[in-house]
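Chain by chain, the residues run as shown.
Protein chains: 2
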Amino acid sequence: MARTQGSHSGITGPRVRDAALKLFAQHGYAAVSMRQIAREVGVQAGALYNYTPDKQSLLFDLMQTHMTELLAACADMPDGGPPIEALENFTSLHLRFHSERPEEVFIAYMELRNLTPENFTKIEALRRSYEDGLETILRSGVSSGDFEVSDPKIATMAVIAMLTGVNTWFREGGRLSLEEVEQIYWDMVRKAVGA
Amino acid sequence: MARTQGSHSGITGPRVRDAALKLFAQHGYAAVSMRQIAREVGVQAGALYNYTPDKQSLLFDLMQTHMTELLAACADMPDGGPPIEALENFTSLHLRFHSERPEEVFIAYMELRNLTPENFTKIEALRRSYEDGLETILRSGVSSGDFEVSDPKIATMAVIAMLTGVNTWFREGGRLSLEEVEQIYWDMVRKAVGA
Chain A
1 MARTQGSHSG ITGPRVRDAA LKLFAQHGYA AVSMRQIARE VGVQAGALYN
51 YTPDKQSLLF DLMQTHMTEL LAACADMPDG GPPIEALENF TSLHLRFHSE
101 RPEEVFIAYM ELRNLTPENF TKIEALRRSY EDGLETILRS GVSSGDFEVS
151 DPKIATMAVI AMLTGVNTWF REGGRLSLEE VEQIYWDMVR KAVGA
Chain G
1 MARTQGSHSG ITGPRVRDAA LKLFAQHGYA AVSMRQIARE VGVQAGALYN
51 YTPDKQSLLF DLMQTHMTEL LAACADMPDG GPPIEALENF TSLHLRFHSE
101 RPEEVFIAYM ELRNLTPENF TKIEALRRSY EDGLETILRS GVSSGDFEVS
151 DPKIATMAVI AMLTGVNTWF REGGRLSLEE VEQIYWDMVR KAVGA
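Protein chains in written order, with full-length UniProt numbering: chain A, 1 to 195; chain G, 1 to 195.
Check before you lean on any hint, since a few could be wrong.
Given that identical chains are not distinguished, each listed pair holds provided it fits within a single copy or across any two copies.
[Said to hold, decoys possible] Computed list of lysine to any residue pairs in SDA-like fashion (alpha-carbon distance at most 20 Å, straight line):
1. K22 - L115
2. K55 - G81
3. K55 - A31
4. K153 - G173
5. K55 - Q26
6. K122 - S92
7. K153 - E182
8. K153 - Q183
9. K122 - Q64
10. K122 - S150
11. K191 - I84
12. K153 - T168
13. K55 - S99
14. K55 - T136
15. K191 - T168
16. K153 - E180
17. K153 - P53
No lab work stands behind these hints: they were computed from the structure.
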């Protein structure tokens with residue numbers, strides 16, 4: 001069993017995860033060694049193995065945590081309103097959640113190739129589940145006649161890519177506030193789905 | 001001077017570039033050594049240095065070639081038509097150009113962090129120039145009353161992110177042909193800019 005908080009090594013999960021997150025985002029997973037992660041945490045490399053079996057587990061843990069937190073945030077969204085309201089809530093949640101986690105988002109997209117096939121399958125399932133949430137909103141809006149979308153699956157991918165792209169340029173304190181960005185994107189998403 | 005075709009080493013630029021492209025896309029720039037690239041080309045590591053001074057030059061060359069080819073393709077687009085036509089041409093060109101070059105696109109986005117500051121500045125300028133092309137189309141459409149876009153700079157980033165996202169899921173031979181994908185995206189882009 002991996003030791004976490006309270007182990008004699010004094011390493012806690014969050015400290016190891018933070019160090020791995022920072023280093024993976026900066027140099028890329030393949031270029032980072034367990035030794036470097038240990039140095040960042042401030043312990044001997046050996047002590048790290050009390051917490052985690054290997055680097056792959058750290059990567060998987062980062063991605064899985066990111067996706068389960070995202071899904072939990074989605075589950076907290078108000079339910080049962082009209083599709084247009086659900087879509088606006090989704091847009092706002094996606095932009096806020098991702099803009100607050102630039103390193104997690106970067107890793108979630110860049111390091112898929114470095115997951116083992118089994119871990120990749122698990123992360124893909126979580127991601128699919130997130131996409132399904134948006135696709136369900138789009139389909140319900142098409143059914144109710146509120147949206148005009150020829151292919152809800154493709155529209156889902158298009159909307160998510162458009163929103164996630166904000167992370168490549170948005171900086172707190174720049175020309176626009178996150179609220180203004182949200183407003184502009186919501187306007188484009190709404191129009192793109194014909195609402 | 002770097003030797004290229006016809007050098008006694010027998011290494012040609014395209015062969016080295018192809019090998020670097022493949023390995024960088026597969027393992028990430030930081031994880032690939034000049035020795036691995038040489039092995040992929042089928043020469044001794046030393047011979048590689050007849051062609052390129054270092055790994056950074058290879059990365060920069062790949063990204064610069066990608067962006068200058070993209071800009072050249074843009075320059076070839078028919079000029080002077082109505083904004084809606086220019087936007088449709090841009091959408092089609094972006095989707096085709098990027099879907100044909102999955103590895104180049106992957107590297108262009110993933111490996112920006114591994115460019116030296118001077119090289120980063122040069123690639124950023126090329127990328128800015130590409131974005132400016134779309135922004136000019138959007139602004140001209142707003143002026144002519146054809147488009148309804150509150151912030152052409154943000155709309156530019158949104159459209160490019162939406163279109164580039166196709167690379168994460170599109171596969172030749174899948175449910176939809178590239179032509180069908182183009183049609184669906186053009187419909188969404190058009191609606192998103194209020195045309």
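Now for the hints, and whether the structure bears them out:
1. K22 - L115: both (18 Å within a copy, 18 Å between copies)
2. K55 - G81: neither (43 Å within a copy, 54 Å between copies)
3. K55 - A31: both (11 Å within a copy, 15 Å between copies)
4. K153 - G173: between (35 Å within a copy, 17 Å between copies)
5. K55 - Q26: both (15 Å within a copy, 18 Å between copies)
6. K122 - S92: neither (26 Å within a copy, 34 Å between copies)
7. K153 - E182: The answer is between: 14 Å across copies meets 20 Å, while 23 Å in one copy does not.
8. K153 - Q183: between (24 Å within a copy, 14 Å between copies)
9. K122 - Q64: within (8 Å within a copy, 36 Å between copies)
10. K122 - S150: neither (30 Å within a copy, 40 Å between copies)
11. K191 - I84: both (11 Å within a copy, 16 Å between copies)
12. K153 - T168: between (24 Å within a copy, 14 Å between copies)
13. K55 - S99: neither (26 Å within a copy, 32 Å between copies)
14. K55 - T136: neither (36 Å within a copy, 46 Å between copies)
15. K191 - T168: neither (23 Å within a copy, 24 Å between copies)
16. K153 - E180: Classified as between; 13 Å across copies, 28 Å inside a copy.
17. K153 - P53: neither (38 Å within a copy, 46 Å between copies)
Comparing the model with each numbered hint stated earlier shows that hints 2, 6, 10, 13, 14, 15 and 17 do not hold.
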